[in-house]
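In this text, residue positions in the sequence shown follow my numbering: the first is 13, and each later residue adds one.
These are calculated hints, taken from the structure and not from any lab test. Some hints here could point you the wrong way.
[Stated by the list, open to error] Derived pair list, reagent style SDA-like, types lysine to any residue, alpha-carbon separation capped at 25 Å: (1) 36 x 68; (2) 36 x 95; (3) 219 x 185; (4) 36 x 47; (5) 219 x 111; (6) 36 x 61; (7) 219 x 248; (8) 36 x 179; (9) 36 x 79; (10) 36 x 111; (11) 219 x 75; (12) 219 x 193; (13) 219 x 161; (14) 219 x 232; (15) 36 x 75; (16) 219 x 131; (17) 219 x 133; (18) 219 x 91; (19) 219 x 179; (20) 219 x 230; (21) 36 x 14.
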Amino acid sequence: MTALALDLGTARTRLLLSGSTAIKERPSAFGEPGTRRWPVRHGMVADMPSCVRLVRAALSDAVTGQHPPLERVLLGVPVAASRLDRRAAYAAVSSAARCRVTIVEEPLAAAVGCGVDIADPRPRILLDAGAGIAEAVVIRAGEIADAGAVQVDVGDLAGCPAHARERIVAMVADLIARIPAALRATARRQGLLITGGGARDPELARKLCAELRITVSPAPDPVNATVRGLACLLPTVEHRTSGTSAMTNAIGRKDVDDDHQ
């Protein structure tokens with residue numbers, strides 16, 4: 013099977029072919045400087061025709077005539093994406109790729125890409141801070157048990173403004189407060205893992221650590237965590253059956269799979 017992992021981000025689009033370790037990356041835009049269009053906003057498809065053109069251009073960089081025809085794309089979307097947002101992302105990518113598309117929530121893929129055992133019944137807190145949206149999630153037993161999101165609207169979280177940091181810290185604090193009391197201490201002991209561009213902002217990590225009194229660990233290679241996790245999940249897609257494992261549960265939700273019409 014020729015398959016591809018696709019992280020369609022607000023600022024950058026990343027692709028990784030099955031069986032490869034070479035990540036292809038490009039701005040999530042097309043056109044000449046000064047007239048460029050950015051069809052993805054806050055991690056969601058905002059301009060469908062432009063997004064189709066973006067994905068086609070990105071695919072042409074990754075899938076050449078040397079490769080067999082593409083059979084599957086595993087696409088990351090934010091947890092905050094509505095059913096309509098997910099359908100828009102599915103439609104744009106399937107139109108461009110002309111193959112089957114399956115959707116996975118990005119923070120879960122990012123956890124896999126960082127080597128987190130998502131099947132662990134102990135709760136794990138992860139902050140996926142991208143250029144357009146930051147999402148904090150609690151992962152437990154192969155699923156996202158709870159989540160929060162804020163739109164950050166900063167081109168590069170390495171230069172995250174103070175007001176955006178404040179909103180992110182408040183979101184994570186609220187998420188931790190919602191963890192059931194019997195599990196909260198365990199979650200806090202495991203610490204907070206940060207992925208996405210925000211992991212490169214040392215001030216964000218310091219602020220989270222100081223205000224939440226929790227160990228904060230920026231992921232290694234944080235901006236590629238999602239696409240690497242999607243690539244790790246690719247082999248499970250064609251062989252999944254309902255309820256067989258945490259990995260297959262991660263890509264088995266009815267409202268995000270490629271069977272919807």
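For each hint, the structure was consulted:
no.: 1; hint: 36 x 68; in the structure: holds, 13 Å
no.: 2; hint: 36 x 95; in the structure: violated, 28 Å
no.: 3; hint: 219 x 185; in the structure: holds, 12 Å
no.: 4; hint: 36 x 47; in the structure: holds, 23 Å
no.: 5; hint: 219 x 111; in the structure: violated, 44 Å
no.: 6; hint: 36 x 61; in the structure: holds, 22 Å
no.: 7; hint: 219 x 248; in the structure: violated, 38 Å
no.: 8; hint: 36 x 179; in the structure: violated, 32 Å
no.: 9; hint: 36 x 79; in the structure: holds, 15 Å
no.: 10; hint: 36 x 111; in the structure: holds, 19 Å
no.: 11; hint: 219 x 75; in the structure: violated, 41 Å
no.: 12; hint: 219 x 193; in the structure: holds, 24 Å
no.: 13; hint: 219 x 161; in the structure: holds, 18 Å
no.: 14; hint: 219 x 232; in the structure: holds, 19 Å
no.: 15; hint: 36 x 75; in the structure: holds, 10 Å
no.: 16; hint: 219 x 131; in the structure: violated, 29 Å
no.: 17; hint: 219 x 133; in the structure: violated, 28 Å
no.: 18; hint: 219 x 91; in the structure: holds, 24 Å
no.: 19; hint: 219 x 179; in the structure: holds, 11 Å
no.: 20; hint: 219 x 230; in the structure: holds, 13 Å
no.: 21; hint: 36 x 14; in the structure: holds, 16 Å
Against the hints set out earlier in the document, violations occur for numbers 2, 5, 7, 8, 11, 16, 17.
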